[in-house]
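Asks: All chains should be modelled from the sequences, with the hints used to inform the complete structure.
There are 2 protein chains.
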Amino acid sequence: MAKLDEKTKKLLLGKNFIFVSTINKDGSPQLTPTWVDTDGENVLINSALGRQKVVNVARDPRVAIAVVNHENPYERVSIKGKVVEEITGKAAEDHIDKMSLKYTGEPKYRRNAPGEKRVLLVVKPLKVY
Amino acid sequence: MAKLDEKTKKLLLGKNFIFVSTINKDGSPQLTPTWVDTDGENVLINSALGRQKVVNVARDPRVAIAVVNHENPYERVSIKGKVVEEITGKAAEDHIDKMSLKYTGEPKYRRNAPGEKRVLLVVKPLKVY
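Taken in sequence, the protein lines are chains G and W.
Counting from 1248, one number per residue, gives the positions in the first sequence under the working numbering.
Counting from 1248, one number per residue, gives the positions in the second sequence under the working numbering.
Just so you know, the hints here were simulated from the structure itself, not pulled from any lab data.
A hint or two may mislead.
Since the list can't tell identical chains apart, any single copy or any two copies may satisfy a pair.
[Stated by the list, open to error] Here are the computed lysine-lysine pairs in the BS3-like style, where the Cα-Cα straight-line distance is at most 30 Å: (1) K1272 - K1355; (2) K1345 - K1355; (3) K1329 - K1272; (4) K1374 - K1272.
Replies: Structure, rendered in structure tokens:
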């Protein structure tokens, strides 16, 4: 396991996007931009059940992440990691509201689909560079 | 094959970074930010021989690309594609100078390593979304 240094934690806590790459069933790469958070040790990604990356990491938990400072695209960090936990239920639903507040200023997340169930992917960093 | 629409072409021709995901030998995802160009039909990525993504696409040509407008991170396009050609020699060396001019204003690219050989990856888009 790798430790998140202060610069990386700051990037993850800031209003920055990450790009997450996972592996599709056919072995091809899948890449999506998403909001991000950290508990100080892990990268936290809030997604929804059924989304491609959530389906993918259930099969193969290995991910590659790039986080970029939206104010300076040359400031960025790459993280190789592994999804070690998938949290659903109230904790995941509350967390997406926290993300909504951070990124949009809205304290309540506006769901894309009725009945959408959120899932919080806990990514343990294996390498940070 | 998918066609690059005008918005995507503009993003690729602009001073924007892309994120490119390839597949490592062990099947895990690899993700790197890079400069980009287009010939109007394909995504052009100038890299160097020996770099991880160049080694990876020689084994498995499938890539996933995300391009983001650096002035508006919400404007972005995802491209699934396949490396169909790898150009080395003068054309690739001249092209990195073009990229240097576009991104840094310097007409001559400053090599990271002595003896570095550039390679231009021609990525045919299969899906744009």
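Asks: A separate judgement is required for each hint: does it hold in the structure or not?
Replies: Here is how each hint holds up against the structure:
1. K1272 - K1355: neither (34 Å within a copy, 42 Å between copies)
2. K1345 - K1355: within (8 Å within a copy, 46 Å between copies)
3. K1329 - K1272: Cα proximity of K1329 and K1272: in one copy and across copies (17 Å, 17 Å).
4. K1374 - K1272: both (24 Å within a copy, 17 Å between copies)
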